[in-house]
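Let's have the full structure, built from the sequences with the hints guiding it.
For the sequence shown, position 97 matches number 96 in numbering that gives the first Met the number 0, and the numbering has no gaps at all.
Some hints could be false.
Computed beta-carbon distance windows for the label pairs [unchecked claim]: (1) 105 x 3: 27 to 35 Å; (2) 111 x 59: 17 to 25 Å; (3) 102 x 35: 19 to 27 Å; (4) 190 x 258: 31 to 39 Å; (5) 107 x 60: 35 to 43 Å; (6) 194 x 229: 16 to 24 Å; (7) 144 x 4: 26 to 34 Å; (8) 35 x 199: 23 to 31 Å.
Because the hints were derived from the structure by calculation, they are not lab data.
Cβ coordinates follow ideal geometry from the N, Cα and C atoms, glycine included.
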Amino acid sequence: MDIIQLIALSVTQGITEFLPVSSSAHLIIITQLFEWPDQSIVIDTTAHLGSLFAFFLYLYLNKSGNGSNDGFLQLTDKLFDIELIKKIVIATIPALIFGFSFRDIIVTYARNAEVIAITTILFAIVLFIADRRRGKRKTIDLSYKEVFLIGLAQSIALIPGVSRSGVTLAAGLFLGLSRTDALRFAVLLSIPIISLASFSELGVLIVKIPKFDLSELVYVFISSMLSAYFCLFLLFKFIAQIGLLPFVIYRLILGCLILIFLI
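Quick look at the structure:
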């Protein structure tokens, strides 16, 4: 891949990582549309690490002086609340089980334009309905059973086009969370998955790094980090005002375009 392709895919990864639009679907469609080769594990892992770093950077820069995080993690009274950590772990377990059990099957049969088009349109409708069902509950009000249900929803996101943040956001809204709390919890739930996906390939990354131009990996990391940070900033700044309708419309248009031009 040349540097333009690397930056384009890294920016796409960063922008779509936390948006309810499916990063995997966008990467697959872009590579098919321009007939680019699939990015290597090294590039993919580096881009994920960039998105992960963007999250922690956003968390740090929005942290207030009293130890709470008014800009992001004000789900409980403490930054690292044991109850919140328990809920994140409980919601992560179904996704891990589903991922380890069905990943190869999904990679073989679901990474195609037909599946992406259908899931993109279908979950646009799900997002629309969920947004209209939202309530005023806080994440701290969720029971362990409800958190587990959100985790089950997250496990579906392995299918391209579904969107991990989108399906967990929708699940939270269906359970009566406010937009802001549902979004915060959805982003929080993505961190263990991104971390495990990145660090599981860390051995491959270390072995193969000498075969890559280090400057290319720096471009990938920075492009993904900056775009993911910018996306998080806009998402939390405007989600309460704009709602999910822009994402619903975007997904419907994207799904229809895929049906028309790529199938």
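Going down the list of hints, with the structure as the test:
1. Roughly 30 Å separates the CB atoms of residue 105 and residue 3, a value that falls within the hinted 27 to 35 Å.
2. Between residue 111 and residue 59 the C-beta distance comes to about 39 Å, which lies outside the given range of 17 to 25 Å.
3. Between residue 102 and residue 35 the beta carbon distance is about 23 Å. The supplied range of 19 to 27 Å therefore holds.
4. The hinted range of 31 to 39 Å is satisfied by residue 190 and residue 258, whose Cβ atoms lie roughly 33 Å apart.
5. Checking the proposed 35 to 43 Å range against residue 107 and residue 60 shows it holds: the Cβ atoms sit about 41 Å from each other.
6. Between residue 194 and residue 229 the beta carbon distance is about 21 Å. The supplied range of 16 to 24 Å therefore holds.
7. With their beta carbons about 45 Å apart, residue 144 and residue 4 fall outside the hinted range of 26 to 34 Å.
8. A hinted range of 23 to 31 Å for the beta carbons of residue 35 and residue 199 is consistent with their spacing of about 25 Å.
Of the numbered hints given earlier, the model fails hints 2 and 7; all others are met.
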